[in-house]
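**Student:** Residues per chain are reported as follows:
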Amino acid sequence: MIELALKILIFGAVVSGIWALVASGFSLIFGVARILNFAHGTLFVLSAYFGIVLVKYGVNDYIAFVLGILFVGVVGVIIFRLTISPIKTHEVMVVIVTLAIALLVEQFLLLIFGEHGISFPSLISGVQNIGGVRITNIRILSFFVAIATLILLEVFITKTKTGKMINATSQDMEAAMLMGIDVDRIYLITMFISSILAGLGGLLYSQIFATTPIVSVKALIYAFAIVILGGLGSLRGSIIASFIVGYVIVVTITFLGARWSEFVMLLTIISILVVKPTGLFGVEE
Amino acid sequence: MRKLWLAMIVILMLSLSIQTAMAKDKVVIGVIGPMSLPEGQAEKNAAMLSAEEINKEGGILGLPVEVVVGDTKLNPDSATAEFRRLATVENADVITGGFSSGVMAAMMETMAETKTVFLSDASSPAHPAKVAEDYEKYKYWFRISQNNGTTFAWDLADMIDFLNANGLKIKKVYVIRDEHIWTDAVMKDLKPLLEERGIEIVKDVQVPKGYTEYEQLIDEAESLNADLIMPILAIAGTGDVLAKQWGTLKPKIMLAGHDLAAIDAEFFDKTDGLANYEVFIADGGALVTAPPTEMCKKFIEAYKQKYGHYPESHQAYGAYDAVYIYKKAVEEASKAGEQNPFDPDVVVKYLEKYNPENPIKLTRTIAFHKNHALAWGDNYVRNWVSQWQDGKQYIISPKTVANGEFKIPPWLAQKEQEEKEQKTPETTKATPGFGILTAVAGLSVALSLAVLRRKTK
Amino acid sequence: MRCVRVEAKINAKTILSVIALILAVVTPHLIPEAFVYILGLSFLFIILVVSWDVMVGYTGQVNLGHTVFVGVGAYTAALLQAPERLQSIGVAIPKAPIFVSIIFGGIIAALIGLLIGIITLRLKGYYFALVTAILPLVFMQTVFVWRNVFGGEEGFSIGLENSLSSSIVGKYYIALIIMVVCVVLMLLIVNSRIGLKFKAIREDEELAESIGIDTTKYKVIAFVVSSFFAGVGGATIVLYRITVSPDLYDIPLMLLIILSAVIGGLGTIYGPVFGALIIYLAKNWWLKEILSNLFKIAPIPVNDDIILYLILIVVGVLMPQGIYVELKKRCHEVRLKFEKFSKI
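Keeping their order, the protein sequence lines are chains A, B and C. Positions 1 to 285 (this note's numbering) are the ones given, in order, by the first sequence. Positions 1001 to 1457 (this note's numbering) are the ones given, in order, by the second sequence. Positions 2001 to 2344 (this note's numbering) are the ones given, in order, by the third sequence.
Just to be clear, a hint being listed does not mean it is correct.
[Stated by the list, open to error] Restricting the straight-line Cα-Cα distance to at most 27 Å, the calculated cross-link-like pairs of lysine-lysine (DSSO-like) are:
hint	chain 1	residue 1	chain 2	residue 2
1	C	K2095	A	K88
2	B	K1056	B	K1407
3	B	K1304	A	K56
4	B	K1306	C	K2288
5	B	K1370	B	K1353
6	C	K2288	B	K1026
7	B	K1361	B	K1172
8	A	K276	C	K2217
9	C	K2329	A	K88
10	B	K1306	A	K56
11	B	K1361	B	K1328
12	C	K2095	A	K276
13	B	K1203	A	K56
14	C	K2095	B	K1130
Derived from the structure by calculation, the hints contain no laboratory data. All values derive from a computational prediction rather than experimental measurement.
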């Protein structure tokens, strides 16, 4: 029984780490620019595909890892400049357009890479035995990378000057503008950070599991569900929510079986929303 | 504005309809499949290749062969619309392809309506059952790509026998399978076969499409003392993740089963080499590295020459055979003095002549049963037991086609030894990764402490 | 003067509609059956798009989960035609006549719409769009979880003998009739007093509330109407094509609906009819032909979906209010300029 509890604890934690990365990126850009970027999941898979292509052409694994992340950062900024910022005030049109981008890229990746999974080479191999539960090192590493990144993000936003400007913009865009903050630049920086968070998540994911074009939609659904659960725009809310979602999934797999996992997760989220429409930590607008 | 558009639509439609009213001057082969997937691409490429070859040799009864392509998008709606287009607009004489049982079920209705000879893929036993049930309606359907789903159970049981005869002791099986009708059929037949052998199924897990959390399942299999993890996976699409996590965790359990992903020639690279030693049964009765017939060998070479790579999936053999067997049937019909050898009812009659007593050797040895399913067996088509070994696929059983020998994964061989040595206590070795782990862990703890301290200030 | 112009406009619309109808009636005798089949399906797709427009174009509440109702209607009708599938969960119902199952598809969809509407439409802003965006995923999961009933990934077939008609041309005419009835009913609703209240909510929700309109109530009414017709559309599609599968819940269908409505012009009913026809036929017919010819010249990794998504992105970015509104605005500007010019 204790072993089972430990197992759930550990597996839940490592699954949640990656989703926390993805969701926090999604939440960040919403909090600052008030847009829902439905192409977020696309950035998640693009980093892995780009990294894999680089590795195929003989680039060192670690360099490919970093370049893959930076690449999606740039892609995110381009998407924002070309498609999102012209229609920023039409919130729902942003959703529609970014969703169309997501599906477009998915089709494109399907045509080029096919539907089967591709893996980014694992940066570390091996297995650890924690209290009778065996867990791969790459999962543990991913967990710690995710936690460290989230802490860095927190430090960046609360301590640095740029971070403070981002924070100010998210709290009151007009006031920030009056204070002389170049809001458009802040949007681009935020989009860049949001994208590299997705990219990092995607690269970690493709080492533990594998990347397929369809994963982009899955990542989007998870990020989206987590963010509404945690409350739109609340960074901490989405981190806590990703652990809730992670544990709901692991517990469901353990006790009910694999086929129920996503259904139970979505039902949980819907029922929380019915009771508390703003999510767990959301604020009324 | 709308009037203009509608007028344009009508004109477009009219111009298309004129084409259909011409006399027979060519043989049209329709290929239908999911064109964004390797299965569809393989079907299209193989059919094109066969048409090219046949045209060089003078066509079918002197008529040139043309290939037209339809895309199912794995969606019954698109599939039936496309099938209908191929059959009635392109006037396809025969259609080959398919993939995915549900899409096939939908297309069979369109096939019955349009009375088109359909040499198809997809493994569900429900399709030949329809032929048996309502022969006149569904007789145009033949399965050429692979065996009936029920034969997969025999293949899997034979595979376990083979593994047990070659150094493994499999008593307990942990099944991981698609949450899908096709695996239900396999399981139904597999259960009694395993019972006969005194083998227990310790758990039967069904996973949805896109499922990835196999580590938990492998863990569970271990705690249940399973000797074999048997995947029966095609739709899930994540057999590679299972192989990867098995190769990383290295449990004392063999991984062997029906894993469609493992047939992919690039599977080894895509899993970063972790699929090494996985045993799988090769769908469709042919592997690039071990062609069962002369024609198959030639076909694989020609394919590689034309497209620059080997067939993307086993459906290539089916599509290629489909065109040739159609040619044969039409020629036989014409020889026998049939007035219209292209008449679908006539073609069906002559295709049925290739029964288990009278098989035809193409890339594989093809024969049809009475319900138009493909004949199964060592002498016909079956799923050969194969293994990934250091980046190459080898057929390891039966002996008649094998080109390699079974290799036990080294960490399993270790198990046998350990058992002999009366179970020495397991020690965790520190791996190089562990250094990084502790470093990162330390770093993150330090950072969080720093943040917290500043906050309290 | 103004009155006359409005009348003239109605007349023009009516005349065009009649011409279009006559064309629709004679078309099956002019073109091959495979295209008749697709054209019939495109009529049913029109119902889906127009019913989306009733909610989104008239009350301004963006429903991203319209496919929920399409799918619910579809599965309801399919199960009423194949009731033996329900036995596995211990439910025994008789097989319904075809047209009863269509109506039932609509009713069940409307009931679910009512439930969702009551819960979600009290709140303003994003909330409705967000929740409706998740809903199709939940409903899609039900198909996989209870796959003995719903048939899982690939759905199931209701059998050739249960289709709308035994001939394709027959199916086509039934689809045409159902589409015309649905569109006319929806037109009547949005042009009624209730429709006026929908528009008031769209223009300014707070103002509408202040003049005594119970906005939640009318939003729910619009939503129920919209889901009813979506359900009818979904049910008819199933009886038309004989198969039901989760693609009727899926995101690509939702995007196709949005694209059609946006291209045709939101809040106009006629616009979405036109948009739906163009987009559906493009997707299932023209684009493929064009692309397959293109592929012969150069093997570019492009398919029809990519082209449609690209169109949606471009239209969305350049004309976020929809082509119709944008064109009207531009025309107006041109006319103003012209008037200025003529004054000089």
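**Student:** List, from low to high, the hint numbers that the structure doesn't satisfy.
**Tutor:** 1, 2, 7, 12 and 13
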